[in-house]
Amino acid sequence: MSRFVEVVRRDLRLALRQGSDSVMVVTFFILTVILFPFGLGPETNLLERVSPGVLMVTALLASMLSLDRLFQADYEDGSLELLAMSPMPLELAVAAKMLAHWLTTGLPLIVVAPVLAVLLHLPAEGFAPLLAAMALGTPVLSLIGGIGAALVLGARRGGVLLSLLILPLYIPVLIFSVGAIDAAIQGLEAGPHLLILGGVLIAALALSPWVAAAALRQAVE
Amino acid sequence: MVFSRLGFTLEPGGALLLLGPNGSGKSSLLRVLAGLLRPSDGVLEWNGQTLTEDPEAHAARTHYLGHHDAIKPVLSVAEMVRFWARLHRTDFAQADRAAEAAILRFGLGPLADMPGRMLSAGQKRRVNLARLLAAPCPLWLMDEPTTALDRASIAVLETVLAEHRAQGGMVVLSTHTDIVLPDAEILSLDRFAPAPEGLS
Numbered sequence: 001m002s003r004f005v006e007v008v009r010r011d012l013r014l015a016l017r018q019g020s021d022s023v024m025v026v027t028f029f030i031l032t033v034i035l036f037p038f039g040l041g042p043e044t045n046l047l048e049r050v051s052p053g054v055l056m057v058t059a060l061l062a063s064m065l066s067l068d069r070l071f072q073a074d075y076e077d078g079s080l081e082l083l084a085m086s087p088m089p090l091e092l093a094v095a096a097k098m099l100a101h102w103l104t105t106g107l108p109l110i111v112v113a114p115v116l117a118v119l120l121h122l123p124a125e126g127f128a129p130l131l132a133a134m135a136l137g138t139p140v141l142s143l144i145g146g147i148g149a150a151l152v153l154g155a156r157r158g159g160v161l162l163s164l165l166i167l168p169l170y171i172p173v174l175i176f177s178v179g180a181i182d183a184a185i186q187g188l189e190a191g192p193h194l195l196i197l198g199g200v201l202i203a204a205l206a207l208s209p210w211v212a213a214a215a216l217r218q219a220v221e
Numbered sequence: 001m002v003f004s005r006l007g008f009t010l011e012p013g014g015a016l017l018l019l020g021p022n023g024s025g026k027s028s029l030l031r032v033l034a035g036l037l038r039p040s041d042g043v044l045e046w047n048g049q050t051l052t053e054d055p056e057a058h059a060a061r062t063h064y065l066g067h068h069d070a071i072k073p074v075l076s077v078a079e080m081v082r083f084w085a086r087l088h089r090t091d092f093a094q095a096d097r098a099a100e101a102a103i104l105r106f107g108l109g110p111l112a113d114m115p116g117r118m119l120s121a122g123q124k125r126r127v128n129l130a131r132l133l134a135a136p137c138p139l140w141l142m143d144e145p146t147t148a149l150d151r152a153s154i155a156v157l158e159t160v161l162a163e164h165r166a167q168g169g170m171v172v173l174s175t176h177t178d179i180v181l182p183d184a185e186i187l188s189l190d191r192f193a194p195a196p197e198g199l200s
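Protein chains in written order, with the UniProt record's numbering: chain A, 1 to 221; chain F, 1 to 200.
Careful: at least some of the hints might be erroneous.
What the hints assert, rightly or not - Short, incomplete list of chain A residues facing chain F, as computed with Cβ under 7 Å:
id, residue
1, S79
2, S86
3, V220
Hints listed in this document are in silico derivations from the structure and should not be mistaken for laboratory results. Predicted model, so just to flag it, every value in this text is computed and none were measured. Glycine included, each C-beta is placed from N, C-alpha and C at the ideal position.
Here chain A stands alone, though its shape is the one from the complex (with noise of 0.2 Å):
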């Protein structure tokens, strides 16, 4: 366990002396947003109404912007290969890694969900579940997001290809987070779809490291 900490502050140091990964994340967070008030007109009613999923889908697109590099640096600078024969298992060391990225861009887009949403005019019902729903939605990103990260380790344009890859995958994160924000706004019962994105980042949690494990072995060989 203690090893697992090691990897996990390493990987902190690491992002806050570089520092880009997170301030990028966040400021395409915070301008994406600001640009639909723009593109849409400044009608309440219309915010109000697309408030939910512009908010999930700018973070969903957001948090995956830095993924690509959470297993490229280690990948060039041979520090994988070491990962992968130091006595932690490997899928201990990923799952470290994918703690390190959320806490690097999940929970800062975390913060500034509430304020957007004041932007976009989420009427006030909707500001706990929403904060549920990224709490419960952005460990998922990263979770799964380190699956893409692994597997696309080593190809060109590998940016591009984990995209394709892995929006797919976030389709049942989007789904159920606007749909608990919306519920509450209608006043209905958020909790159903909280409980079902709940099950969803449990599921990940359990599969995630393993999977992207197994890539980064057939990467590193």
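Using the hints provided, position chain F relative to the given structure of chain A.
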């Protein structure tokens, strides 16, 4: 196929020197020994147990030094060596002491707080070598470890290798330059190249 019909055993304290022209399979053999590359045929055994049975145990007792030095531009020398030491040990205080000793051993003391991007190629290689010393592993697989090293550092490496073997450690090393490795067995990989097709 790069090589075939190749076999050897290594005793505790033993060393194997891999020689051969470029492309003869030195790096591939080392990667097979490290468990990073699967051989298309054949077996590897450790004390009579095949490696594929427990790849993690093999990883825990093996150090691999490849072409890349795993240097992070934004981490300092001390941070990098300490990280790898901690991955191999459970006692962090002990790991940190071993990392510090390894850094001093390879003459990196004045550079301990220097970030990776400021290091020269030879210094990067020394950081990578310090990683081996910071965590004890019986088997060292080294792919051209002398690349970019100066004479003095090669001498340090030779003493470190001798000490490692004196403690019962094993070394498999590929090289193009001269390195003193007393009583090392020599394996010339060009002898094991598969016969060209149509000739056999």
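Evaluation of the provided hints:
no.: 1; hint: S79; result: 4 Å, holds
no.: 2; hint: S86; result: 5 Å, holds
no.: 3; hint: V220; result: 6 Å, holds
Hint compliance for this structure: every hint is met.
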